[in-house]
Amino acid sequence: MLTGERRQGLVLISPTLLYSLLLLAAPLVMVVTFSFWTQNYLELDTTLTLDNYREAWSKPIYRTLLLRSLKISLIVTVVTVTLAFPIAYYLSFHVKHRKALWLFLITVPFWTSYLLRVFLWKVILGYNGVLNTALTGMGIIDQPLTFLLYNANAVVLTLAHAWAPFAILPIFVALEKIDRSLLEAAEDLGDGPVRRFFRITLPLAMPGVVASTLIVLIPTIGDFITPKLVGGTDGLMIANMIQIQFGKANNAPLGAALAISSMLIVASISAVIFFAGKRFGGKVK
Amino acid sequence: MATPSPKPIIDLTGITKNFGSFQALKGIDATIYEGEFFSLLGPSGCGKTTLLRMIAGFETPTDGSIVIAGQDMEGVPANRRPTNMVFQSYAIFPHLSVAENVGYGLKTRKMPKAEITREVEQSLKMVDLGGLGDRAAHELSGGQRQRVALARALVMKPKVVLLDEPLSALDKKLRDQMQVELRQLQQKLGITFILVTHDQEEALTMSDRIAVMFEGRIAQLASPEELYRRPVDKRVASFIGVMNFLDAKASGRMNGHLALDIPALGSIELPTAQIPEGMDIQNLDSIGIRPEMLTILFDGSEPTEQVARGQVTGTAYYGDMTYYSVRLPGHTADVTISMRNTAGRSIVPPGSEVPVGWGADSIVLFQ
Amino acid sequence: MNSVRKGLSPKWLVFYAVAYMVFLYAPVILLPMFAFNDATIISFPLTGFTTQWFDVLWKTEALHGAVRNSLVVGVTSAVLSTILGACAARAAARYRFPAKRGIMSFIMLPLVLPEIIVAVALLVLLIQLGMPLSLATVVLGHVLICTPFAIAILNSAFQGLDQSLEEASYDLGESRWGTFRRVVLPLVMPGIVSSLLITFTISLDEFIIAFFLTGTEVTLPVYIWSQLRFPAKLPSVMALGTILLTLSVLLLILAEWFRRRSARKQGIEASATGGFA
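Just so you know, the protein sequences line up as chains G, R and Y, in that order.
Quick note on the numbering used here: the first sequence kicks off at 1 and runs consecutively.
Quick note on the numbering used here: the second sequence kicks off at 1001 and runs consecutively.
Quick note on the numbering used here: the third sequence kicks off at 2001 and runs consecutively.
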């Protein structure tokens, strides 16, 4: 039986829940269903089949794209989180006043149009780009560097930039929550700065590190703008193929199967990271 | 002390409250009288706050009835009850000034503006905050917030003021001062106050009557003096003040006296009038005696009715008082004895053998 | 505190922090530089100062349509997602109900779902329902991804609302509606304004969902995407980006100011991370 309070709570949340059910749950179910159908030119064949998955997992091009997406996403995640940690640490432990200002400054670039940000990286990294012009101007190189743009490196760099604030914030929050007297206690018990960092700070910050890892990893797999603008042919990722299947190729069922396959892979990697983080972080919530 | 007037203002009958499988209140019956300062006293989780919130209308009893000023409160929501509450957190509206806080309920009643201003000013004066009406809520100190909360309740001229641990957030000095002020204000206004507290000292100093609650039941409802002198059971006795418990047995009854055998103190005879009503003396297993009812006899002390011998095992110095731990023969635990530190009286060092004086009339019997 | 300072050498950390900020701001700094640069090619060295690219914006009819569309989509999405977010945040802060954690995580799911998945899933559903793609379908998608942000912002506003304040209001004779109007609303108002501003900004910048779900009428980011292919259009795109960035930053400062005011009103120390913590 529902008491008054429980009923009121459910009534109040029902509009939001209903919206999510209709426009999130239903579409997701739809995509899953789609992935078991097939496209015959303009007709949609609704007999259930695993053909799309067979194609997605066996055709070399899809396999290559899936593996490459995964590799790039993992590299992006490691790079982004590794670069973000010292910043979060600096903010939490060394910035005394103006913490909010720093956080604000970190989030400002994130509010520039995403498209333009990616495009501007192209401007920076291009053959006649900012970096090459500057380096030749200073006489450090004679010929413009060509390995900067249109490859996986450019994709990694651009994505690491795009997701920086999302990686910094969770780690910062976790570090802020650490009771500073714990660090003094560790020192009091004979730990040096390095030992203390690895025995106290890092394990206690682990929930934040795991959160930022997942926050970066999951969405980067689904990005198709960055690969398309700065990735060249070597930098294309699975999301580009999904976009093509839903667009020009007009094969939505195959696109759905590709989308679900990549989500399944990401979900299982996320689960592994989550539980590994839990073990390393100990009983910290 | 004001004698409670006989006119009931609140009648609580057979009140129970279940939260799922947990029974927070297990049948509360009590009558609270007009103009009385009534306290609900008990450890946390005893149901006292639930009971208060029920009277205010924030909780509904699972069973039983609440009658306020002759009207059954079943189905009457909190905003239509003749009660007003001072919240533990004070619940001062942070976006309103002091005057707007106090006038909040009057505005709801659609009282004319000029009248509200007058009433608010009067009520603020009553709690010594005259002229502070324009202050913002966040500019107030803890004590001031408490006064605003009180003024906001009093300005509504309720039949009953409900106070939920109103002093618990204040420091000791301020708390002592507010206890006196609250009591004086209540006596001046003659309004019924119901106070919830876990602080026995607070309840004793302020109340006309106290209901001591344990685990959803009223264990004893009596005046502070009665509670202290004649606690009905060991739980009440140890919750209110300090009580020394000693094993005892009734060895017989003769011509209006009860023969009592107390291994730690000796054998005595007690007038049967001292036996609590309804107690079967066969079940009597211990007696209680307050620390101040035991005396360490110094040279030149006034002689007492009874004397036992004990050995001091420890002392704690409190400035005006010294608390002694004393081992009595045949009693494994130590008893606590409190002695006033009068001029020229030195503290007896641990290890000393001392005579301990006591009187039969200060003994409470327990089963 | 000195002992903590020894943890990692602050000097290196400061150096690192500055370098990191340069990395973060590198593309953003370029935006106004090229917007005011007197050359059609986006590359160094800069040739001279001009405002002609801004003038071009005034004369481009298609852009004006896209701006109008984006404003309509942004305002509608902001209002709807803030209402939905307020319901959820209030329910989560005030009530206990069955499967609360599950329901809340489900509603917050778009926050971690790749946008392309959300976009594709909505597209499939809309096609199956036979609904034509339009600005309305973009709004549907934007509300879905904005609501979690609205909840995150409003959560702190509603959670900071001491329940005894509402009880005090009832106790003083006020009705439910009166309590909402006189106590709850004034106290959460700054949070609501801040949520409206943030969700509007998100919708204004969102590309992927708009790209998949828009019909013949395009939003601003979709328009920009179409322009990126034409090198001649790039300088005016830079000018447009500069305007957008300025606008977003202003809105953000405004939102932050409202959020702090809300926290101060309730006597709470404003946390540096806001509702996203």
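Please note that the accuracy of each hint is not assured.
Said to hold, decoys possible - Within a straight-line C-alpha distance of at most 25 Å, the following computed PhoX-like cross-link-like pairs (lysine-lysine) qualify: (1) G:Lys278 x G:Lys59; (2) G:Lys71 x G:Lys177; (3) Y:Lys2233 x G:Lys278; (4) R:Lys1113 x R:Lys1159; (5) R:Lys1172 x R:Lys1110; (6) R:Lys1125 x R:Lys1159; (7) R:Lys1107 x R:Lys1125; (8) R:Lys1007 x R:Lys1107; (9) R:Lys1113 x R:Lys1157; (10) G:Lys122 x Y:Lys2233; (11) G:Lys122 x G:Lys278; (12) G:Lys177 x Y:Lys2011; (13) G:Lys99 x Y:Lys2011; (14) R:Lys1026 x R:Lys1157; (15) G:Lys96 x Y:Lys2011; (16) R:Lys1125 x R:Lys1113; (17) G:Lys228 x G:Lys248; (18) G:Lys228 x Y:Lys2233.
It is worth saying that the hints were derived from the structure and are not from the lab.
Going through the hints against the structure:
no.	hint	verdict
1	G:Lys278 x G:Lys59	violated (37 Å)
2	G:Lys71 x G:Lys177	violated (33 Å)
3	Y:Lys2233 x G:Lys278	violated (50 Å)
4	R:Lys1113 x R:Lys1159	holds (24 Å)
5	R:Lys1172 x R:Lys1110	violated (40 Å)
6	R:Lys1125 x R:Lys1159	holds (20 Å)
7	R:Lys1107 x R:Lys1125	holds (19 Å)
8	R:Lys1007 x R:Lys1107	violated (32 Å)
9	R:Lys1113 x R:Lys1157	holds (18 Å)
10	G:Lys122 x Y:Lys2233	holds (16 Å)
11	G:Lys122 x G:Lys278	violated (39 Å)
12	G:Lys177 x Y:Lys2011	holds (24 Å)
13	G:Lys99 x Y:Lys2011	holds (18 Å)
14	R:Lys1026 x R:Lys1157	violated (32 Å)
15	G:Lys96 x Y:Lys2011	holds (15 Å)
16	R:Lys1125 x R:Lys1113	holds (18 Å)
17	G:Lys228 x G:Lys248	holds (15 Å)
18	G:Lys228 x Y:Lys2233	holds (19 Å)
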